[in-house]
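Please work from the sequences and hints to get the whole structure.
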Amino acid sequence: MASSGGRNRLTTFFLLLSLLFTQTGCWGGRELNARAFVTAIAFDLTKEEELQSEQYLISIQLPVPERMAGGEGQGGGEGKPFVVLGSTAQTVASGILQLQRQLDRKLFLGHTRLILISKEVAETFGINHVIDYFLRDFSVQRMARLAVVDGKAREILELQPPMGQTPSTYILNMLSPQNGSIFTYLTDLGKFLVLQSDEGIFPVLPRLSKGKETELTGGAAVLRNGHFQGWLSDNETRGLNILHNEFVESEYEVECPLHPGDQIVVGVNALHSAYRLEEAGGMPRIKVMVHGRFETREFTEPHGPEKHEEADLERAVSAAIREEIQQTIKKAQELRVDVLGIGRYLLAHHPRFWAQLDWDTEFPFFPIELEVKMDWGLTIRRLGG
Amino acid sequence: MKKRFRQPRLPSELKKEKEQKKKEQQGEGPFLTPELEENINYLRETIGHSNDVIFREFYLKLDQPVRAVLIFVDGLVAKEVINEYILQALTTFNAGEEDRWTRDREELAKNVKDHILHINEVSLESDLQQVITAILSGETALLIDGSDQALICNTRGWEHRGIDEPMTEASVRGPRVGFNEILRSNTAQIRRTIRDPDLRIKTMKIGLRSQTDVALIYIASIAKPEIVAEVEKRLKAIKIDGLIESAYIQEYIEDRPGSIFPTLQVTERVDRVVAGLLEGRVAVLTDNTPFALLMPVTFWQLYYAAEDYYHRWPLAILLRFVRFVSFFFSLYLPGLFIAFAVHNPELIPFNLAIKIAGTREGIPFPVFLEGLIMELAIEIIREASVRLPGPFGQTIGIVGGFILGDAAVRAGLISPIMTIVVALTAISSFAAPSFGVAITMRLLRFPLMLVAQISGLYGLSIATIILLIHMAGIRSFGVPYLSPVVPLNLSDLKDFMFVAPRWAMINRPLAYEPLDLDRGGTKARTWWEALLKAPQRPGKGRKNNE
Amino acid sequence: MNSQPARSLSARQVALIIIGFTIGAGVLTLPSAAAELMGATGWLWVLVTGLLFTGAAWVAVKLALESPGETLVEYSQQLLGKPLGILYSLLLAAYFFSFLPVETRVLQELVNISLLPIAPTWFVSGSFIFAMAYGASRDIRQLAQVNELLIELALLTGVFVTLLSWQHFEPMHLLPFLAKDQLHLENFKVGVGTAFAYAGYQVINLILPNIKNPREATKATLKALLTVVVVYTFFTITVIGVFGYKETMAVAWSGLELAKSVNLEAIFLERLDLILLIAWLSAIYTTGLLTYYFGALILSKIFHLPNHALVVWAMAPVIYYLSTLLKNYFTWNEWGFYISLFTLAVSFIFTPFLYLLSLLKKRGERGR
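Chains as they are written, first to last, in my numbering: chain A, 1 to 385; chain B, 386 to 931; chain C, 932 to 1299.
The set of hints was computed from the structure by calculation and includes no laboratory data. Careful, some of the hints might be misleading.
[Claimed, not checked] No more than 27 Å apart at the CA atoms, straight line, and that leaves these computed lysine-lysine pairs for BS3-like:
| id | chain 1 | residue 1 | chain 2 | residue 2 |
| --- | --- | --- | --- | --- |
| 1 | B | K879 | C | K1143 |
| 2 | C | K1177 | C | K1111 |
| 3 | C | K1293 | C | K1150 |
| 4 | C | K1143 | B | K609 |
| 5 | A | K330 | A | K287 |
| 6 | B | K464 | B | K590 |
| 7 | B | K498 | B | K590 |
| 8 | C | K1154 | B | K879 |
| 9 | C | K1177 | A | K191 |
| 10 | A | K80 | A | K106 |
| 11 | C | K1177 | C | K1120 |
| 12 | B | K590 | B | K495 |
[Claimed, not checked] Computed far set for chain A versus chain C, every beta-carbon distance over 12 Å:
| id | residue |
| --- | --- |
| 13 | Q90 |
| 14 | S94 |
| 15 | D104 |
| 16 | H129 |
| 17 | S139 |
| 18 | Q141 |
| 19 | D150 |
| 20 | Q196 |
| 21 | G230 |
| 22 | G292 |
| 23 | R322 |
| 24 | H349 |
| 25 | D360 |
| 26 | I368 |
| 27 | D375 |
| 28 | I380 |
Since we're looking at a predicted model, the values are computed, not measured. Where a beta carbon is used, it is the ideal one built from N, C-alpha and C, also for glycine.
Here is the structure:
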């Protein structure tokens, strides 16, 4: 009985299946070559003369699969491996709809990993206005990288990279740990959203600009509620990375304390920073403590590492780093935006104190004490000059 | 109840007729009479119409000559045996004074057996039907005038294939013997490997006309009696005219005839059957085929090769892993590829997606059709290469696969990535050590491709769940098919993805509920601990070893 | 088909049945509800309510053990009298069946926004209900095996993805501990709604006759509930720790968003969210399968039907119809609220009451 029952059910199942097949083809299914992969999206303001209210230019970059596939002897190998299309619109959705009208293939955002926003758009519209669409579209990843462009965002999409295939992959790598540059602030859509929703901290986005031949990364855009407030320079970004404990490794040049005029290059790693709330003279203040290790990499004068200069060298390196971080803190206070996360620290560890504060107004004047202590962790290959 | 739908429903008359026939064949037929002439006439009437049945009449020299006849089938018997040990013995025998038994005509047949015949296996039989069956299975019947019993001498000896390496289950290491078509030689091979008094070989005849010998083999002190009884019951219930291959038995006794999953293991390897017996399973061997049936079986077991146990365990683990991966590939790869390519390209890395899109540019078929065509082509090539004799088959496989695939890609009909997918799938399905389960996977692949085309990963997951429910419902002679994974059985997991060293497999698999759980390895490596405790002299020891 | 193989389930299988029943549609939205209620300390809400429900489960097992050979359907009639007992069983059946439209609808929503963007509703819901009915029409042994496999798979994948997302974990997100301005316990509806995630251990009152060794039932139930509590708490801690409580409240499907932010360069698959979705699909499937089976079982027991499969197939169109009534996210949250209310009533009123009754009855018998 059991088996014959099973058989009947199996038959029903296959009948249902065949019924399905007669009903329809495949819903939402689309061959890979019927999709247009959007790898990067850029937002610019429209040109001044045709500026209408509330409109911006959306540009998308589409790779051309035949030219990307890289097979030799196949036709169509000429030309750039990508195209850039653009359209002006008031909302992202309508912009994408208009772009779709220019294409015979379905725009597909599942592989979009790069969203570039020009500084002007960030100033006038704000980031949130632009990225809202991407938060609600399920196919967009939280790992997509965001960047603010100093200049025209579209130009960056159209640039031929020195190595690699498409500019989007190239920029993506520039904005990811793969690049290894410490002057870039690493973030993605997810992290941006988290920092934006957190109280007591404002997110920053990496800066992209067009260099002489290629893009340049480095520096960061400071945002307040999605609106552009100002830039952090390369060195200030490095300071911010230290304060956020995202510092990996970098190099500093200091003057040798014993041989004036002599430059020593030190490699700094294992940096750790922490905040502490303390009282000084009846007034609360934040103490920022940075500890780390460095090693000497290069000497411009013919002498090597020497034991007796240890204390002096450590002091000099600490001072150099301290100066840089101090600059970051000063800039943040000047811009009146707490990108350092001090507010978040206060909220988490001193909620009662935080409740009394109006952080937005107090942050620019809040006393912040910086203490940097660097150790000379030596790995030596050559002792002499 | 279960078998009813398989048996064509006969009109009542036909049924009656058949029952009568069956009754006759099952030993209620005519019996031998003391009149030799009558017996010979009866036998000539029933089997004497064929030229290969030989009636050799002669006289026994007792106190007075007694007429006797030897009946056998030419070709099924070893003629030298009949000539030298039966005929010669009987015709040259001269009864002397001391042979008082010769006067006892009542017990003559028995006495001839006891005193004259130089044959090791002789029995007395009075049922004519049994005599006929014996003759037709290669034995020689000796009928003596005045005796109502025939002497059945085992003179079986016919041309047969020798013991060969198993064709379908080759291995790198392990015995290179497979079964052949002779039941006795097969059971002997098993006996040769297990010299256990508890090894039981029960033989029965199945097939109304073919009267095929079928042996039920198990180790009485290990196998669960319920399982043995169940197998025996199902075997006895078989009603069939001719039994040609063990597949016939398989279809009659398997638990889920409607399922596409095999619930019996088919093998032609002796070592495999023996290993199965030692685990508490039951084997059924059929005359005239080298393929033995092993039961019960779990699904995973169909993916174990005999060889897994002959390699050291780290390698065995790798082999199992590779085989489970190949199982996954052979079932899911084309379906997954279609699901990724049609519905969810965001799941595959961008560079790969763009590569696939690039190679698919200008291909006239949708992915699904492309896959279907290629899969069908592979199936055809496979079938063709099996049918063609020896070396041709291989050539066709290579030529067909290589040239067709290459040409199709060059002509822009098929994308190269689809070719890779299909080829990998085909190769994966060859990695299954059991032919039966490989076919199942091949069959399931097509509906899964269809499902993937319609509804992508979602459909694949739902289809997988339905498959799982189906499989969880299967029981092979009471053993859950998916055991030991579900229901989880930690002890049995020693022989799953992970293969424990032999000495660590202390228990037989619990899934078969063996009577005797202990494999005997509990104390097998105590010397090892002693060795560790002993004072070590590394330098010297090494030298000695070398 | 209806053969209820007596005493065939191991304690482990029963524990997994309870886990499989409990973990379902609720888990994806639990962290946002917790964050809404208690802000950065949301995990505490999950932990405390979980422990409360573990206590309720303990009472339920005690009740079940009073008559280990019978199901709730039988002994509720003995304890409450026939009409009331039948009414209670009917209510319970309705309660079980009320899960199904919600689970179906949530699944359909998630499949439609991610795996199959334009597939028609009838196909997704229909195939899912078919798959559930196909499974639910089998016997409990088979169900237990399927559940065992699927829930283990789902849990392993879930925990794996959750662990991976610890690369973004920010301990400061979990602080301050119990900040006053983050506590919104007055949010009654949300608070009750979290009970939805803990419904399920009630099955112990229905499967006790099938457990090999009824004495192990207590341990199995408590183990299952504690596993669920640990998984939920761990998950909530991770989600709030990674996102911060404000972002947690903003995302609709926190687990999927969590998987979306995991970066795994070395693995072939780019996106873990869809993989997690498939794992979660099997978790929601086990919930549906078991509610379906036990709902049908209660009905077939009340009406003395020979075959629960009949009920299963008869209910399929009803469930489909009900699932189409759930218009959107807000509607099924509303529905979930009422299910949660009933869950609370069953857990903290009805079951303890029945247990008290059975104790009194026992004492009365002894007194005589």
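Here is how each hint holds up against the structure:
Distance restraint check for B:K879 and C:K1143: the Cα-Cα separation of roughly 24 Å lies within the 27 Å cut-off, and the hinted pair is therefore satisfied. The straight-line distance between the Cα atoms of C:K1177 and C:K1111 is roughly 15 Å, inside the 27 Å bound, and the hint therefore holds. Proximity of C:K1293 to C:K1150 is assessed by CA-CA distance (about 24 Å); at most 27 Å being required, the pair is judged to hold. A threshold of 27 Å between alpha carbons decides the hint, and for C:K1143 with B:K609 the separation of about 21 Å falls inside it, so the pair holds.
Between A:K330 and A:K287 the alpha-carbon distance is near 14 Å, which keeps this suggested pair within the 27 Å criterion. With a C-alpha separation of about 25 Å, the suggested pair B:K464 and B:K590 falls inside the 27 Å cut-off, and the hint holds. For the proposed pair B:K498 and B:K590, the alpha carbon gap of about 26 Å is at most 27 Å, so the pair holds. With a C-alpha separation of about 26 Å, the suggested pairing of C:K1154 with B:K879 holds against the 27 Å cut-off.
For the suggested pair C:K1177 and A:K191, the alpha carbons sit about 13 Å apart, so the restraint of at most 27 Å is met. A C-alpha spacing of about 21 Å is found between A:K80 and A:K106, which places the hinted pair at or below 27 Å, so the restraint holds. Between C:K1177 and C:K1120 the alpha-carbon distance is near 19 Å, which keeps this suggested pair within the 27 Å criterion. With a CA separation close to 26 Å, the supplied pair B:K590 and B:K495 stays within the 27 Å bound.
The Cβ of A:Q90 sits about 24 Å from the closest Cβ of chain C, beyond the 12 Å cut-off, so the non-interface label holds. Every Cβ of chain C is farther than 12 Å from the Cβ of A:S94; the closest lies at roughly 19 Å, confirming the non-interface assignment. Once the 12 Å rule is applied to beta carbons, A:D104 is consistent with being away from chain C; the minimum gap is 18 Å. Its beta-carbon lying about 17 Å from the closest one in chain C, A:H129 satisfies the requirement of being farther than 12 Å from that chain.
Remark: the non-interface label on A:S139 conflicts with the geometry, its nearest Cβ contact in chain C lying 8 Å away (cut-off 12 Å). Here A:Q141 does not stay apart from chain C, with its beta-carbon only about 6 Å from theirs, under the 12 Å limit. The beta carbon of A:D150 sits about 27 Å from the closest Cβ of chain C, which is more than 12 Å, so the claim that it is off the interface holds. Not every CB of chain C is more than 12 Å from the CB of A:Q196 (nearest about 8 Å), against its label as outside the interface.
At roughly 25 Å, the least C-beta separation between A:G230 and chain C is larger than 12 Å, which holds for a residue marked as non-interface. For A:G292, the shortest C-beta to C-beta distance to chain C comes to about 21 Å, beyond the 12 Å cut-off, and the non-interface label holds. Interface exclusion of A:R322 from chain C stands, the closest Cβ pair being 24 Å apart, more than 12 Å. Its closest Cβ contact with chain C, about 6 Å, brings A:H349 to no more than 12 Å, contrary to its assignment away from the interface.
With a least CB separation of 17 Å from chain C, A:D360 remains clear of the 12 Å interface cut-off, as annotated. Against the 12 Å criterion, A:I368 stays outside the reach of chain C, whose nearest CB is about 18 Å from its own CB. Here A:D375 stays apart from chain C, with its beta-carbon at least about 26 Å from theirs, past the 12 Å limit. Every beta carbon of chain C lies more than 12 Å from that of A:I380, the smallest distance being close to 34 Å; the non-interface claim holds.
The structure does not agree with the numbered hints 17, 18, 20, 24 stated previously, though it agrees with the rest.
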